[in-house]
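Taken in order, these protein sequences are the chains called F and Z. Here my numbering is used: the first residue of the first sequence is 1, the next is one more, and so on. Here my numbering is used: the first residue of the second sequence is 1, the next is one more, and so on.
Hints should not be assumed to be uniformly reliable.
So these bits of chain Z aren't anywhere near chain F, every CB distance computed over 10 Å [said to hold, decoys possible]:
| id | residue |
| --- | --- |
| 1 | A46 |
| 2 | E50 |
| 3 | D61 |
| 4 | S104 |
Straight-line Cα separation of at most 20 Å, DMTMM-like style, residue types lysine to aspartate or glutamate; simulated pairs [to be verified]:
| id | chain 1 | residue 1 | chain 2 | residue 2 |
| --- | --- | --- | --- | --- |
| 5 | F | K165 | Z | E143 |
| 6 | F | K120 | Z | E5 |
| 7 | Z | K35 | F | E95 |
| 8 | Z | K44 | Z | E75 |
| 9 | F | K65 | Z | E5 |
| 10 | F | K165 | Z | E135 |
| 11 | Z | K9 | F | D64 |
| 12 | Z | K9 | F | D60 |
| 13 | Z | K184 | Z | D162 |
To be clear, the hints were calculated from the coordinates, so they are not data collected in a lab. Glycine included, each C-beta is placed from N, C-alpha and C at the ideal position.
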Amino acid sequence: MSQLKNFTKGILKENPVFVLLLGMCPTLGVTSSAINGMGMGLATTFVLMMSNIVVSMVKDFIPDKVRIPSFIVIIATFVTIVQLTMQAYLPALFENLGLFIPLIVVNCIVLGRAEAYASKQSIVSSIVDGAGIGIGFTFALTLLGGVREFLGAGTFFGTSIYPEKFGSLLFVLAPGAFIALGYLIAVINQINRAK
Amino acid sequence: MAKRESSFKNMVFTLFTVTLIASSALGVVYEFTKKAIEISNLKKQAKAIEAVLPEFETLGDSYKLMPSDEKDSLEFFPAYNAGNELVGTAVKTYTNKGFSGYISIMTGFTPDGTISGYQVLQHQETPGLGSKMNEWFRSMNNEKQNIIGKNPDAINFTVSKDGGGVDAITAATISSRAFLDAVKRAYTTYTQTTDANSSATYKPDANNKGGEK
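Could you put together the complete structure from these sequences and hints?
Structure (structure tokens):
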């Protein structure tokens, strides 16, 4: 598989949220607005790339039976580094996302890529894979956040589009996340099938 | 290179090395960012104090006081003008009654107990509903939802659903109750320190002992 294909597969064909249905907890939790979804997606992308690099680097040193705990420790370390750095240098972003950062540790996309991809592939392929899946995740979260924000609060990235009182409260709350996600999965699957 | 065998020795050694490297990396990052985090927290607090009080020249020493009904103390930041007169006090208050628990709010009071401003510092309320409290209670659209410039004693300081004089956030009554609970706590504790209508001659040292019971 060429690196370009390796990169783009994460965006539509193997989109972690819409096709693989991984990482549902942060997906449903943070996507009440487009900007939250995007921030979460970018933070995850960073962790995903870093952990993919390290896992791919140390894959030969780690005995099979302890690979999962080792991967988790590596991932958790990067998450904490992201959290501390964000808190120190980007306090405004941290205010919005701080709650969700620790959730990246248990995001099964990150562990899933470490286990299914990085532990078997070269460093370069792993970086590309991490970036592609990460961007696919960011895309999915931003889209879902955008839809929910638009239907629920009448805004898009904070810009008002129609008066808030016409918005449907349902989409701001968790059930709306499930409904919106269901329809988006249907649309994406339709697009993938048409190809 | 072949995979290392999963022998007991190898596994113990690998896990030990992985955790050792991870914890030392975290230690370094923690030390490195500690100062910056502290500074950004203080900055945030200073900004909040400035936002909730009328214009002032200097900040006095902060002091802590226990509210009568809770276990955690509130922090007070008195502010003075150029003539060394008290123009207001910022109170860092909190509540545990939020829809998702703890909420921390900086409130400002003028010496007569009027609310001069507020700023939500920390909360976990539902985005889009309870999270609106930072804007809602200062809105000018509806006199009944605005609490700024009012004295909590003068209006019935509960949400209108409970027969009070403040309109709650649409679809977030619990968050609104919690918000008012926190502000009310700041107000009652604050008025203990001053005779609300006198010229507010509070001596932190004299009263502090009582507060720490």
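Tested hints:
no., hint, in the structure
1, A46, "13 Å, holds"
2, E50, "16 Å, holds"
3, D61, "25 Å, holds"
4, S104, "12 Å, holds"
5, F:K165 <-> Z:E143, "19 Å, holds"
6, F:K120 <-> Z:E5, "16 Å, holds"
7, Z:K35 <-> F:E95, "18 Å, holds"
8, Z:K44 <-> Z:E75, "15 Å, holds"
9, F:K65 <-> Z:E5, "9 Å, holds"
10, F:K165 <-> Z:E135, "16 Å, holds"
11, Z:K9 <-> F:D64, "13 Å, holds"
12, Z:K9 <-> F:D60, "16 Å, holds"
13, Z:K184 <-> Z:D162, "15 Å, holds"
Consistency with the previously given hints is maintained throughout, with no hint failing.
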